[in-house]
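There are 2 protein chains.
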Amino acid sequence: MLMKRRVELYDTTLRDGSQMEGISFSLEDKLKITEKLDEFGIHYIEGGWPGSNPKDIQYFKAVRDLPLENAKIAAFGSTRRPRLRPEEDPNLNALVESEAPIATIFGKSWDLHVTEALRTTLENNIQMIIDSIEYLRDHGMVVFYDAEHFFDGYRENPEYAMKTIKAAEEAGAERIVLADTNGGSLPSFIKEVVEKVKEEVKTPLGIHAHNDSELAVANSLIAFEAGVVQIQGTINGYGERCGNANLISIIPALELKYGVEVVGKERLRKLKELAHFVAELANMEIPRNQPYVGDSAFAHKGGVHVSAVLKNPRTYEHIDPELVGNRRKVVVSELSGRSNLIYKAKELGIELEERDIKRIVEEIKKLEFEGYHFEAAEASLELLIERLRGRYKPFFELERARVITEIFQGQPPISEANVVVRVNSRRVHTTAEGNGPVNALDLALRKALTKFYPELKEIKLVDYKVRVLGSEKGTAAKVRVLVQTSDGKKTWGTVGASTNIIEASLNAIMESMEYWLMKEREKDEK
Amino acid sequence: MLMKRRVELYDTTLRDGSQMEGISFSLEDKLKITEKLDEFGIHYIEGGWPGSNPKDIQYFKAVRDLPLENAKIAAFGSTRRPRLRPEEDPNLNALVESEAPIATIFGKSWDLHVTEALRTTLENNIQMIIDSIEYLRDHGMVVFYDAEHFFDGYRENPEYAMKTIKAAEEAGAERIVLADTNGGSLPSFIKEVVEKVKEEVKTPLGIHAHNDSELAVANSLIAFEAGVVQIQGTINGYGERCGNANLISIIPALELKYGVEVVGKERLRKLKELAHFVAELANMEIPRNQPYVGDSAFAHKGGVHVSAVLKNPRTYEHIDPELVGNRRKVVVSELSGRSNLIYKAKELGIELEERDIKRIVEEIKKLEFEGYHFEAAEASLELLIERLRGRYKPFFELERARVITEIFQGQPPISEANVVVRVNSRRVHTTAEGNGPVNALDLALRKALTKFYPELKEIKLVDYKVRVLGSEKGTAAKVRVLVQTSDGKKTWGTVGASTNIIEASLNAIMESMEYWLMKEREKDEK
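Heads up: the protein sequence lines correspond to chains X and G, in order. Its first residue numbered 1, the first sequence is counted upward by one per residue in UniProt numbering. Its first residue numbered 1, the second sequence is counted upward by one per residue in UniProt numbering.
Next up, chain X with everything else stripped away, as it sits in the complex (with noise of 0.2 Å):
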């Protein structure tokens, strides 16, 4: 599909989805934001509401410092108070004096509001519509209508819901912004209402819509192709409840679904970055399965997959994963075979052997079986790997160890940890304690490991994980332990799986040892 037709993007991230339980920004990031939105090609940058609190009206004072090259920075508020004359409305008077170029008003399309919520007459809330909006537009604005639950309004009373939004139109409004406030409405809904609209407005028209339904994305799609012109949103669908239209999977859906330009291939690329971005400030994570940007998005695990996608990457994916800036990843699990082990393996630069495949393949799902996962665990993949081919070396033995934890009434426990260690023919005895049995141990294994190997040091920890399988059966269960290391440069993650959780975590952390140790001979050797 190519398709000639404008499209604007409204963004309004840091307004509705600074609403997002858990986020809130601070003057420094909204501004931040604010940048990255302009860089990437945002039309609309809504900054907030400047009659609701006042780090909002200092952001429009900064933002006006600010060099942009695309965006218009548009400020929020609502229709004048139903007893209030516009001049005396502090909330029309603070867009006013925000110094924004544009206004988004919101005003009520739902009679039920108007009576319950408002408690005013339908009357009156036209007229709160037109004056507000004249009100603004004689103080130099552009403004937006925002018809705030117009599809449940058109819902219940189509006629008075168009009476309030011809009222915008007569008053002057540039846009109207259809709102499906509480994300209830279907997708088949949605389209039937815009396209009423179309024939009795000729105001361009925009679409805002909620998650509350998990139709937001689709929602906003179903309107720009019933005739909206700008698509309201926040990224990552940030937002209140259930969050907001998401424009990280609108925008690549407009560029590559539709063919229109929105803000071009070129910035495209950037969709991840701006994703992640965004979502370091939020103090959010990407989920890794996050449409587009996630770092699962494009990640293949069956092995019928893999091998199609190795042959022709259209076979398993809609797009191809660096035009939205993110990578093809190969998966290797008990469910894939032996393609997904020859492309990671290539991806860890080891060439395999015909001989070798099918017993690694094979020692893989008993491990997995036994509650293995190497998902997460490269590192211990890349041991197993070399150890079954014969190639890897040990670099140290554990002849034993012991925790011990003890607790007594009253008092913090005490963990203390021996262990006996091998090198060559030298034993090294050490003992240490620690904040909790598994940190006493891997205190214990260091102090003996440094004798010989110093460069340990450089290493830490900096992720301990602990899944109980199969925990219907109590504290008999089996555990999975997942640690991350880091050497302040990479960080790699291996595995330990056993009954007994001591012995888990420390097979995971002699394993986050030994890769590093085997990766530093290789380096030597070369």
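Careful: at least some of the hints might be erroneous.
Claimed, not checked - Once the Cα atoms are required to be at most 20 Å apart in a straight line, the calculated SDA-like pairs of lysine to any residue come out as:
1. X:Lys311 / G:Lys32
2. G:Lys32 / G:Met284
3. G:Lys55 / X:Glu134
4. G:Lys366 / X:Pro412
5. X:Lys72 / X:Gln58
6. G:Lys478 / X:Glu416
Keep in mind that the hints were calculated from the coordinates and are not lab data.
Use these hints to put chain G onto chain X, whose structure you have.
Same frame as chain X, but now just chain G:
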């Protein structure tokens, strides 16, 4: 909208869902999920791919003994290989040997796949579809035919795509499932294609959508509107890459927005419970903003919304949260702590006095800050409340506990625990060996306490979970242990938190016993 339409739900969490990076279900997990899905009213449960791994073969054996009420079990596989006769094909024979009543097999609809991935002729592919379906039917199986990449295939070569499903129809497939395998299709295209297929194919249709474009729920609902009978998906949308269509969002849309009876209103109230149950076994967290079932799906922050919602919930809620087992959440200051506590205490049958409330709220806040979490540990909460009100009389005191784990090279690890417990003026010292340190402690503690409270033999740990908090501190991080205990009639949860996993576990285990003893004493006093 009220529709008298038949809809079938086909769940593939155990097969397609388990392809998600990070998910690895044990055999027990798979059986438990099967029971839960059956209870919830899912019509078909795809249990696995018996031709691909040993765990799935075991599953199909074990599942025959489950007393299922609603669901039929399906085994997944593919059409025969290009150069094998059906009776020689190990994959088809694994389906027959699974003894599942239904075989769902996928075949190619996209000419590109036939020539590039399968490397065979378009004619042979048609023959493979026919042979495979006939072979499975001859062995008494009902066959669902999954037309892989149907939409992509149709886009490029509609005649051939249509030919493949007509062949499946003639060979006797009882459902033809149209798959958007790469998740790249737009809703309007899905609608167009389903309508075209319906004109030419009489067999009931299904839809199998993936979420690569954040459109899987919309595409499934739109296919339903266009006449599809079966909707395939997974719980919470788990699945490879960006996941499958999320049944947790599709089911309430069908029930509450289309007015179609799918699982019934009673079961729908367990939607949130189902979503969390599967997430727990998948070791995934439910995102707070997940539609319908996330903890914040009906959370209201800030003034306008809250006051309107309190006047009339419909103003900012698309459905009543209780219909899906969720609840409204008003995010306000510490006042919400108070009212939550009073509400919760009432549920537990405790009438709190004014002077206790403040102290308890503060203690809970302090403990939650330290890593405790009472949502899944109401027994610990109840003990806490009773302790702070001075109503709890202790049953025993732990004087000290010690646990030793020893690992000798090449031998299984040994864990041994000692505990000293005082009951009234008597002091008992016991020791026990276990599978791991926590199991050893649990056994030693029971040995000691059953001398005084022999009825403790009736209770047993049924679940044990460990979560590492602030895991970036490596093995010195804090851990939270959640324990579920059962007396065969009811199950209760307790929690412990510490930097020492042994201490955290011991506390959770002790509380599980204390809680039960307290409840037994209350019974006696009545």
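Taking the hints in turn, this is what the structure says about them:
The hinted pair formed by X:Lys311 and G:Lys32 fails the criterion: a straight-line CA distance of about 38 Å is larger than 20 Å. Our distance criterion of 20 Å between C-alpha atoms is met by G:Lys32 and G:Met284, whose separation comes to about 16 Å. As the CA atoms of G:Lys55 and X:Glu134 are separated by approximately 69 Å, the hinted pair breaks the 20 Å bound. About 18 Å separates the Cα atoms of G:Lys366 and X:Pro412, which keeps this hinted pair within 20 Å; it holds.
Taking the CA atoms of X:Lys72 and X:Gln58, the gap is about 17 Å. The hint holds against a cut of 20 Å. Distance restraint check for G:Lys478 and X:Glu416: the Cα-Cα separation of roughly 17 Å lies within the 20 Å cut-off, and the hinted pair is therefore satisfied.
Of the numbered hints stated above, those contradicted by the structure are hints 1, 3, listed in ascending order.
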